[in-house]
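Student: As you go down the protein sequences, you meet chains R and E in turn.
So for the first sequence, the numbering used here puts the first residue at 1452; every next one is plus one.
So for the second sequence, the numbering used here puts the first residue at 1452; every next one is plus one.
Calculated directly from the structure, the hints in this document are not laboratory data.
It should be emphasised that the depicted structure is a prediction, and the values quoted were computed from it without experimental measurement.
All the given hints hold, so there is nothing to weed out.
Derived coverage of chain E by chain R (criterion: at least 3 residues anywhere in the stretch with Cβ under 8 Å from a Cβ of chain R; other residues may be distant):
| no. | segment |
| --- | --- |
| 1 | 1458-1472 |
| 2 | 1529-1543 |
A few chain R positions that, by computed beta-carbon distances, are all more than 10 Å from chain E:
| no. | residue |
| --- | --- |
| 3 | Arg1486 |
| 4 | Leu1495 |
| 5 | Lys1526 |
| 6 | Pro1572 |
| 7 | Pro1577 |
| 8 | Glu1622 |
| 9 | Arg1636 |
| 10 | Pro1655 |
| 11 | His1656 |
| 12 | Pro1659 |
| 13 | Tyr1664 |
C-beta atoms are modelled at their ideal positions from N, C-alpha and C, and glycine is treated no differently.
There are 2 protein chains.
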Amino acid sequence: MTDLHPPVLAVSTVIFALRPDVESGFMTLWLPLVRRTRDPYLGLWALPGGWLPPEEELSTAAASTLRETTGLSPKYLEQLYTFGDLSRSPGSRVVSIVYWALVQSTEADLAAVDENVQWFPADRLPELAFDHNHIVEYALWRLRTKVEYSRIAHAFLGETFTLAQLRDVHEAVLRRALDPANFRRMIESTGTVVDTGLRLAGVPHRPPRLYRYNDSHSIAEGPLGSTVGWPETPLQTTPHSPRSTT
Amino acid sequence: MTDLHPPVLAVSTVIFALRPDVESGFMTLWLPLVRRTRDPYLGLWALPGGWLPPEEELSTAAASTLRETTGLSPKYLEQLYTFGDLSRSPGSRVVSIVYWALVQSTEADLAAVDENVQWFPADRLPELAFDHNHIVEYALWRLRTKVEYSRIAHAFLGETFTLAQLRDVHEAVLRRALDPANFRRMIESTGTVVDTGLRLAGVPHRPPRLYRYNDSHSIAEGPLGSTVGWPETPLQTTPHSPRSTT
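Just chain R, same shape as in the assembly (with noise of 0.2 Å):
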């Protein structure tokens, strides 16, 4: 499809949280996905997004439709690529402007679901709308090739953690098993993260060490500034419904 309108731009994310597989119990990766309520593609599922507002910054756009999904704020939440293929959606063209986010699992357990919202694991999603498979693949892709592993699973856990989450994490992303005794070796040679000297509470026979993540391992920020936490651009606090759009 082509048509002499200027293409029109969208905002749509991509939300990636850890929790434990259905049928394995193993941690895997899902991301919340919204119901088409009307054409194109009524009823099918598709990333969360909508229409970019003229007068809203690009991140507070992508974090407002983040939070009427989700009702979370991420700890990470970063540009992730510009879709604009002419063939992406039918009728008008629209560009979409595709920001991920990384939420922890146990604020993802508390995010609202209905009936027109739920969450998918990303490796066994049905047809979605639009492009959004192939958007959801490249994101999976970029999470597994990013190097920053250590700030990424940071984003995917609380302030402490012991080893056997932190692995369960690089297992979730990596979709394999890694050795416990390896994996702690390699985490240890980095320095990236910091023993607390506190032990997990409630595990009362030899509980497992919390660490936490060195402040003082810089990781080189771009000159667009911190992707992690909130942008500095103030949050809107209007409600709206959940919306889906190219």
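Assemble the complex: chain R is given as a structure, and chain E must be docked to it using the hints.
Tutor: Chain E in isolation, oriented as in the chain R frame:
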């Protein structure tokens, strides 16, 4: 500034080539800029770009801009980032999808220039139109932190090259001198280059060896496909005068 018109879309390009610094003679990064011939920012230099034509793929639009400005085909053309801050353009809101390209210095020497297109050293730019200084800074940061060094360096070189030429690329990008012996060991340990058995012609005494990239040393490609070489979409051949847009 904000208004309630829909944001409009532009595509701009940051085109890097390696050329000798005029003063020091060392290889440094240069980029072509286009002089603005209308308001806003009349007379200032800007990144080559233009409005996104409704019927053109994003990468095709970026490639057209590049060819119209410099007459060059890039070996490396990739989407960099989408800039959409409310304050980046006076008047109506413009969201710019920015691509970056790396070209060979021998090609860059042949590039068409006139009074409205000139090459500038990347670290000594004048004040540019819009947020274009900021965009160039971001592109330089990405270039310097990019992990696929060898692949990036490749885009600046011909099919065969000496280790000194390869070191020139690394030094220009990193902006620091590298020890030749350490550099040789580092490159040899990665297995990314192969000795062709040939030597540089025209050098009578101990001509240096020529290397080429090891094609079997595969680099992870994303589901968006290779970013080296031309996009697969057919190139448009209608010539335009160089444009610059937000």
